[in-house]
Every structure is written in structure tokens, then in C-alpha cells.
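J.: Residue strings, one per chain:
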Amino acid sequence: MDKKVTTPIHSSARRNFLKQSSAMVALALAPPTILKAGDKKVEDQIAGYFEKVPVKLEINGKAHALSIEPRVTLLDLLREQLHLTGTKKGCDHGQCGACTVHINGKRVNACLTLAVMQGGNKITTIEGLANGDELHPMQEAFIKHDGFQCGYCTPGQIMSAVACVKEGHAESDDDIREYMSGNICRCGCYTNIVDAIKDAKKGGKSL
Amino acid sequence: MINFQYLRADTQKKAIDALAKDASAQFIAGGTNLVDLMKKGVTSPQRIVDITHLPLKQIEKVPGYTRIGSLALNSEVAEHELIKNNHPLLSLALQAGASPQLRNMATVGGNIMQRTRCTYFYDTEMPCNKRIPGSGCGALQGYNRMHAIFGASDKCIAVHPSDMCVALVALDAKVLVSGPKGNRRIEFEDFHRLPGNDAAKDNVLQQGELITGIEIPDHPFTKNIHYLKIRDRASYAFALISVAATLDIQNNVIQDVRLAMGGVAHKPWRLPAAEEFLKGKKVSEEIFREAAKIAMNGSKAYEHNAFKLKMAPAAIIESLKIAAKLD
Amino acid sequence: MENKLKEPFMPPIDRVDGKLKVTGAAKYSAEYNIPQMAYGVMVGSSIAKGIILSMDTKAAENAPGVLGVITPFNIEKPAGYNIETSGNISATKKGFNVFDDKLIRFSGQPIAIVMADSYERALHAATLIKVNYKKDSFQTNLEKAIPVVKPLEGNAFKDYTRGDVNAWKTAPVKIEAEYNIPIEVHNPMELHAITVHWETPDKVLVYEKTQSLMDTQEKIMELFGLKKENVHIITKFIGGAFGSAFNVWPHAVAALIGAKQINKPLKVVLSRDQMFMNVGYRPQSIQKISIGAQPDGKITGINHEAISMTASYQEFTEGIVNVSRMLYDIPNVFTRYKIYPMDLSLPTWMRGPGETTGAYALECAIDELAHALKMDPLKLRLLNYSDTDLEKQRPYSSKYLKEAFEIGSEKIGWNDRHPEPRSMPEGDWLAGYGMGSGVFIGWRGGAQVGARFTADGKLLLQSAVTDMGPGTATAMTKLAAETFGISPDKIVFEMGDSSLPPGIMQGGSGTTSSLGTTVNNATLSLKKKLFELVKNKAVFHTETIHDVKFEDVVFENGQMMLSSDHTRKMSYSDILESAGLDNIEFIEETKGFNNVDYSTYAYAAHFVKVLVHPATGVIKMEKIVSAVDGGTIVNDKTARSQIIGGVVGGIGMALMEEGVVDNRYGRWVNNNFADYHVPVNADVPHIEALFVNKPDPILNPMGSKGIGEVAMVGFAAAVANAVFHATGKRIRALPITPDKII
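Protein chains in written order, with our numbering: chain A, 1 to 207; chain B, 208 to 534; chain C, 535 to 1276.
Some hints could be false.
Computed list of lysine-lysine pairs in DSS-like fashion (alpha-carbon distance at most 27 Å, straight line) [what the hints assert, rightly or not]: (1) B:517 to C:627; (2) B:221 to A:56; (3) C:627 to C:669; (4) C:926 to C:872.
Hints in this document: simulated from the structure, not taken from any laboratory.
Can you make the complete structure from the sequences, with help from the hints?
T.: Quick look at the structure:
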């Protein structure tokens, strides 16, 4: 296909930080492999290289040593860079709970979490909940009680539900309803979600 | 979102220095408000200073006070035995806010610092004096259903969104602040400000100052308490009106009382005149009604929030009734 | 119509895709990782109407990682943009092609797509575009538009009259009321997303959120002049849609154009705020209903007028007033429907389109009439129960609304309530009971299903349909298991791919009816083919039967057996083996059903109990019972979920959902999940979903009528009526938020 990019790209410096004094330091520190030519691509690579910071974190029991831009949210890191797409984006603003993951055992919204701040933390996503082929009791309960329809909010619901029980906030139906209210289900499966959580809790298996 | 520089502060001094020198820098802790605002382009700090590794997470009793570190999580504070036993009003208010996930992220300091949720503030295509001074107040003649009925100006009619702060202002909390010029202790009542002619400024904090914690003085309010939050759905929504009410009742006489409202002003709204009226009176629905009337002095509504003039006193009465176990 | 489902039915089954959904392995349209994939971000206009004079895209183009920016100023238009439409087409039928011209039709209209090598870079670059507009005056306020804007004309807007239009006026008891429903937005949890991969310049692979693979494929073929086999659409999972995913929306077209232009795979995901103005909504409506009745409750006439809206650039109509023509036995009926073009984006079908809107007004009006008559609202409904479709002048193929009333009212304790309004205090709260009926058409379209039965006893079924959540594959699996006589775990129903035999769209409560009929016919064909293979085998012959016929055998547990002697049997696998076959494979096609002799409708009877706190205006849903006549229920477990889902949608509609536009700017002010409230878990009590579960004898071999829409139709009225019963206050403008109670 010989369609070209719509507008010619100028090779003038385009990075905020390249305009700043630190640019020279940056260039001096850049690995030689990315300093071969003066076109946009190379500048982008330089820019990309220096805008990233190293982060080490553990996801679902696996250690990751990553280099990421500080502006990358944990949600986008999981979905776009690590291809762990089980964690969902529903609103991107902490208003729906579809992105719920556990950080060091606590449920949080990954969309408002900067990945760069999670160095050293243990993150569990829906992909890390089952024990191999053996589903987590909460996952089983959601299937048994049909606690979902489209399935999109489901990973967040389940991660939230597991935490809800562990926190001791699943002592009554009303308790579950209140403490599961940070996870919106537009298909409206709340009745079944409450049943699933009660059942999983009653099951007594380790949650 | 622009790509900012990320710095992790390992000491309080370094954190404060980083901000004191750089007006384009901001602290981040839980991130639940800042990251949201950055995504919307409402704020674009070029440097973010991560303070979450500072040792400011303690929740402890000291003589005369309970001290809570500014990095203590909303969920931790709400569930802490010390808080549940000594400051149950604070627990209730915290649990009425946001969602369990957000409460696991949001810190006490961040909650105090959170900015208004006014839609005109959030939409960068709309006028807003808080975002761009001089651009006008979009809400004044616009969709102002959620907006202030007390203390607003024609520059800004936004409300402070916090539930926690409503309890803290009622409990006479102090905000502990550390800055380039040293430490200071600010009365909660004085911390947030009214918009006046300068809507951009939410509070009295100076550049580089860091909230290190709060102190809640000992008080007798552990039995007769209620935090009533009226909202458009049963949970996970901002208040139309909220009322923190707590009473010290001896032999059916109100010895002392604290009343504050949320969802009505640019700051958590304490009701001193109503409190004064109630002190020394015998508990009755009638005096609660009278107090609510007094509390509404000076209120003013706009096109879409006139209902608050009716809902607010009703909420005050209701909250007092429940706190006094009058039913 | 052989192959009917037999009682006792097979017990309900769990979702066949449940494991994928609970483990996060189910892939939605934004979740395919293609090497070298770029990210596209849409930029929307900040004004509501006018012309773009110029756009400065330099900063965006020069931002790091940016691969291209497409605007109306530099677009290379696809061939389909230039197809001449007939000269007489009205402005409101033309629609608009993204980036085709510089006109702004609504705030948030896509005016650019910015593509970069990472999501963050694309997102940031998109903020760097500067636009210079010439603004025009606009109208986004329906009330203000009515006196000054001309409503659309055409067949869809012809008045309907039956009998005497003035009959209601002369009746001894009458009511008149106006009902308002604001804009409501589908807001499925999954953001609309598309991933495009041009494998060659004339061959494209598209992962798109769509309720209709075939329509999406056709639209893309048209746009780019491509052959059918070169447009491959994959939609394995849809994270909810409720009507928002029928159209190929502007962002999808932009993604297709963009990916072609940068010659890289491209993913475009709308943000939640963009979802409010780019993928449709339920339009605002103002309805006036007048009803007249005899003192004994017999309704003599009804007049139902609805005013609603569409976009300035395209017509969208729905049958808001239709429900008043047929739900009750009323001799004199007049209905009128008008829509006004507004400077807003295009509305679209949203769960129970038309009926949900119309039934809200009608079912509240019936309640108002019951109050005027001092009559039990349920009794009034029974008194005016229609046994034939008076609009279409023909019988119903089945109608079990009475049965639904019966089981629903019994379950909620309808007769135990005190009928007087504001007569049931519970502490500081006021309790109230309300009901509403729902109705939605049952229909059946054509569909193809591929079937392959293999010697290992497994059945593969394939069809190009998608599932936004109701559990289509699950229902089809159960249906096939039941009709073919094998265990559901031996069946795979493959879908979500346009290269499979063409299925049917998912929507209008017609998927199970349409696709199910074909699956049913496929298993019947399969049984006949098996029978043909072995009908002469000695095993099926007895002293009395020497010439075994198809009717003489039954198919159960993977065995073909003689009805009269179950010991004479042969397993399906053995049949294939003895015939020397590895498999039987064919495509079953069923044409759509033109239901001319009967009217088919599904019904719902919603009953609710609310608690209202009169001082603070807080409303709690206390009890909910929804009894549904949806014909035979194919899979009870997933069907129940559909009902509770529709009910939750109805709670949202009744109590909190309201899209708000600031008419000074023509711009949305609550386009996010914090300000546009949908129900959360704490809003919803245990919901009792009940089924009459009696087969419809006409529509399809399963006897099913569809349930997805009817679950929501009439529910909001039940809530409003309950609020009236609790408080004595009639709130006719939705949503019933606390401020309206106090």
C-alpha cells in the first residue's frame, strides 16, 4: 500500500524535554544503538527511552522488570503492554469498578493507579485467581448462580467479591450489596451476584 | 495526559523541597482525584512527587487527641478500632464516600485536598473560574443541581465533594501541615475556603506545604451520632445533601452538639448557630425543626438546586432525630 | 413443526462461556494483540453547530510516536463516500460520513483521529489539535424546539385512528396527563471498540463490537468497495450493548480509514464520555395520554400523543405510541407520533425501543384511571384485557398475560396491600405497591446454521451471530442437546465470526426465536439423516414392524431407538461407523416467518413494593416480582438473568437515569458514570423472576416468544405507580429522584 501518512512530519525537535537542558544529558546517556540517524523515528526512540522509568513488580506471582512511562496507569499497563486483558476498562475514571485488581491483597481501581508507583507491590488480576485449571470458589459460584451476562464487569466483580468476603463485609445481604456497590453491572445481575457471594462464603473453601 | 516526570520522595523534606521550588509539581498519594483530573486535562503537572513512601500512615491516640497520618487510607481509618470507638462519626462518613476500592486507595490527606466534581470544572471546553480564572462560572446559569446553597459567589458555586471532611469539621479536627517555612496546625474550619473572588483556590495551603496528618481532639460524641447522606442512588454517588450530626445528651438535655453539612458549599459546612441554639435544650423533634430553620439562614439557591433549600433542613432534622434515637 | 420441546424439559444449564468470562479469558473487541498495532484516539468538536474553518494539527503530528492525523481537511475518502444517493433524499435521511465535510452537527462530533504507536502518545497528541470554528445557532432543547422547529414528515408520522377520536372526552370518567422521559444512554460496561487490520489493501480483518455481523460486514464492503470474502468481522464477545451496537458508528469508520492510511493494525476505543454522543441513546420524549372510561371501568377511548427527537442529519423512529393501540381492549383509539430534528447526535434503539417509552406513559395513565375510578389497577387491567389484536384485526398466537398477573400478584402479596394511597406507613417510611404491564412483539427472522456431527459423538454448530450477554450459545447448546438427544457438553456452538454461515442480528428479542428455529431444524435434519443411514438395519425391525419409519424412532441419550421397544437401539456413533462415515455435515437454512394470521407478543407483569422516605425523598426498592409470558423458556437460568437485568434497567429508568445537555452550549454535562447514575448493587433488592412458561403454538417450533425487551417494558411505570401509592404524589417526569419527592 503506498498511501502515505497524511501530513509530512517535520524533523524538528518536538519533545518538551529535548528542548530543556537535560536533553544534552539525555543524548549523552543514550545507548549508541539508538543514535544512528537524525530523523523523527530516532528522536522518538530517544524520547521514549528517557521518558520511561524502571519498575519492578509482581503480577500473579510472576516478577516483572519493566520500563514504563510514568503516565501509564496500571490498567493500561496490564491490558496494552502485558496483554492481561482480563482486567477491564469500563470508565477509566474510578466510577465503575471494572478494573478492580488486588494490590498486596487490597482491592483497588487499576485505572486510577499509576503503574510507576507500584514498584515492589504484588498485584493479582483475574488471570491469577484460579489455581491452574481449578477455578477459585468465587469464580465457580459466579458460574453456578449466573452472576453475569455479558461478562465484561465480571472480572472486576469477582476480584471485588473475593476482597469483600476477606474484609468481613459479606455478613448479610445488605452488607454485600453496599460493599459491592463499587462494581457496576449494566446487565443488572446484582441479585445473582449477591447469591454467588453468599454461596462462595458459605462454601467455606479458602477464599 | 502529558508525560510528567516522576519523583519518589523518601523524606518529608525532599518532598516539600521538590514542590517549593517548582510550581508545576504536585504531590501524589492515592491518586484517585489527581490521576482523574490529569486524564481529563484539568491539571497537567510536569512533575509528580510520590509521597506514599513517607512514614505518615499512623493512627494513634495521644493525650487529648487522636492523630491520623495523612497517608492513612480512608478504608483503614474507617475500620480502625480506635476510630470506630472514639470517632464513630468519622467512620460513618468515610464509609458513605466513594466505593470500597477507592477507599482502599484514597488517603486522608488526599481526601481533604480533593477538588470539586463540578462538571464545568471537569470539562475543559466549558468556562470555569476555578480552572481558568476569569473564564466565568459555567454552573451559575447552567446545570447547577449539585451546587452550593451556602457561601457561594458569582465566581463559583461549586461544592466540596468530601464526606470525610464533613465529619472532621464537625469534630473540630486540626490539619497538620509541614512546609518550607516550618510546621503549622490549621483549624479544619479554616482549612477550606469560600470562593469569594478567587475561585481557583480551594484552601489555605501554600505552595510546597504538605499535609502530614490530622488531629481530632477528644470529645464525648460516641453514642448519639449519625451521618445522613442523601443521593441519587443508594451508594457510590456524591451527596445531594449530607448531614453529620452528633449529640451529647444527658438526662434528655443536649449538653453539646455538632452539626455539619456536605454538598452545600465550597467547603464542609459547619452549622454553629444551630448548634448554639440546641445546646441546653431538651431533645425534641420541635427543637430540631427550629435548629434546622436557623441552620438555613443565608442559604441561596439557583435554577436547578432549589430543592436543596427544602432537602437540607429535612436532612438536618432527620439526622438529628436518628442521632438522638428519637424514633 | 416437528421436533418440539417435550416436557419434562432438560434442567437449565450453566453458561457455556462461563469459564471464559470468570477467568478473564473472554476476548472483547479491544483485546486482540496484533504485532505493530497502533492506537487511535478520536477528537470531538467542542461546538454544537457550525463549520470548521481551520484545524492546526502540526503539534499533534509532530508529537512523539504519532503516525498520522486524519481530519476533514486531509481525509482520503473511501469509495463509498462518493456513492450518489437519490436527489430527493431529505436532509434527515442522509446521515453523515465521518470527516466527509467540515460541518459540525453536534457537540462531540468526531473531527479528527490521531494515531500513534502507543495509547498514551495518541491520547496526548489528541489534546494538541487546535480548531477554529464558525459557530451557528443551534437547538438542543426539545421543549423549546417544538414551537419553532418543523417536525419530520412521512409515513412513520401518520396519525392512527380507530373509531371515534373524541370518545374519551365524552366518557363519564376520564384522565389526562403528560409524561416526560429524559434522554437515557445505553452505557454498556464495555466501551465501544474496534480493532482493524488491513491484511492487504483490499482485505480487512475487523474486531468490532457489533450486534449484527452481517450488517457490519455489508456496510464495510460498501464503504470500501470490497468483496464479501475480504471483509472478515470477528466479535467473539460483546460487553453489553442494549441496542447501541447495530450501527457502524463514525469512530469505527474512522478506524477503518485510519488503519488503511497508516498501513498498520489500529485499535480505537471510545472513552466513556464519548460513549454519550457517538453510539446513540434513547431519545427524550413528551407523551400526553387521555383516557375515558365507564364508571364500571370499561375503557371507551384513548388518545396517546408522543413527541420525541432525532438528529438533524438522520431520522430515527420508534414505535412509542403503538402499545396503546393493542395492549387493551379499547374500541376508540387515536395515536400521534412526531419527532423533531435536534442538533444532537443520532438516537438509536435502546432496550425495548418505543415500547419501553410508550408503556411507561400508558401504564401510569392506567393507574391514574384506576385511581379516578377507585378501582384496583389489576382489576381494571383485567376488565379491559384484549383477547384479540384490535389494531391488526387478528387473534394472538398466544397470550398468557392473565397468568402472569396471577402468579406475579400472588407472589408480591398484591391483595394484602391497602389500596388507598399513603395508607401504608412503615415507621418513618411510606410503603407503596405498584404494577405495570409490558409487551413486546415476538418475531422470527431467517438464519443459517452449519452443523457437523462427528463419529466421536460431538456436534459442532456454527452461525454468524453475536451475543451481547443473554447467552445465545448457551441457549442454542441446550436446545440442540434437548432436540438431538445428546449431552450439552458434547455440543459446541461457534459464533461471532462473519465467515460462519450467516445468522441473524442480536436484538429485538428475536435471536432465540430465529436462530433457535434453525438449530431446531438442523437437529431434525440430522436425525433424519441418521435415520436414513440405518432405517433398513435389522436392529429396528420387530415382528410387527418391518418397515420402520422416522416416526417410529426416538432419539435420546445419543441413541436412536424404536419408540415401541427401547432395547432396539443404535448409538449415533455406531450409525456413522456402520455407514462408513466420519461425520455428517450440512448447512441448515430457515427463512424468516411472516406472521400474517396471528399477532405474537411477549408479556410481562411487573409488581413492586417501594419504601419512600417522605422527608428526605429517598426511595428504596423493597420487593420486585416480574412474571413473564415469553412462551417456552429455553434455558431458565440464563432467561432469569435477562429478566432481572431488564428490571435493573427499569430501576435505572425509573429512579435515576437522565442524560443532561447544557442547552447554552449544546454540550453534555453528565457524560460519565459519576454523574449519569445507573443502579448499583445497593439499589437492587432480591428480584423474583417468574415465567408462565407455556409454548406459543405458532411462532417457532420451540414455542418461545422472546424476553429481553419485555423484561424492561412497563417496569418504570410499576415504580412510579408504587411511589404514588406510597405517597399520594404522582410524579410523571422521570427519573423520580429524591428532590421530586420532597
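J.: State for each hint whether it applies.
T.: Each hint tested on the structure:
1. B:517 to C:627: Measuring from Cα to Cα gives roughly 47 Å; hence the hint is violated.
2. B:221 to A:56: holds, 23 Å
3. C:627 to C:669: holds, 24 Å
4. C:926 to C:872: Roughly 22 Å between the alpha carbons, so the hint for residue 926 of chain C and residue 872 of chain C holds.
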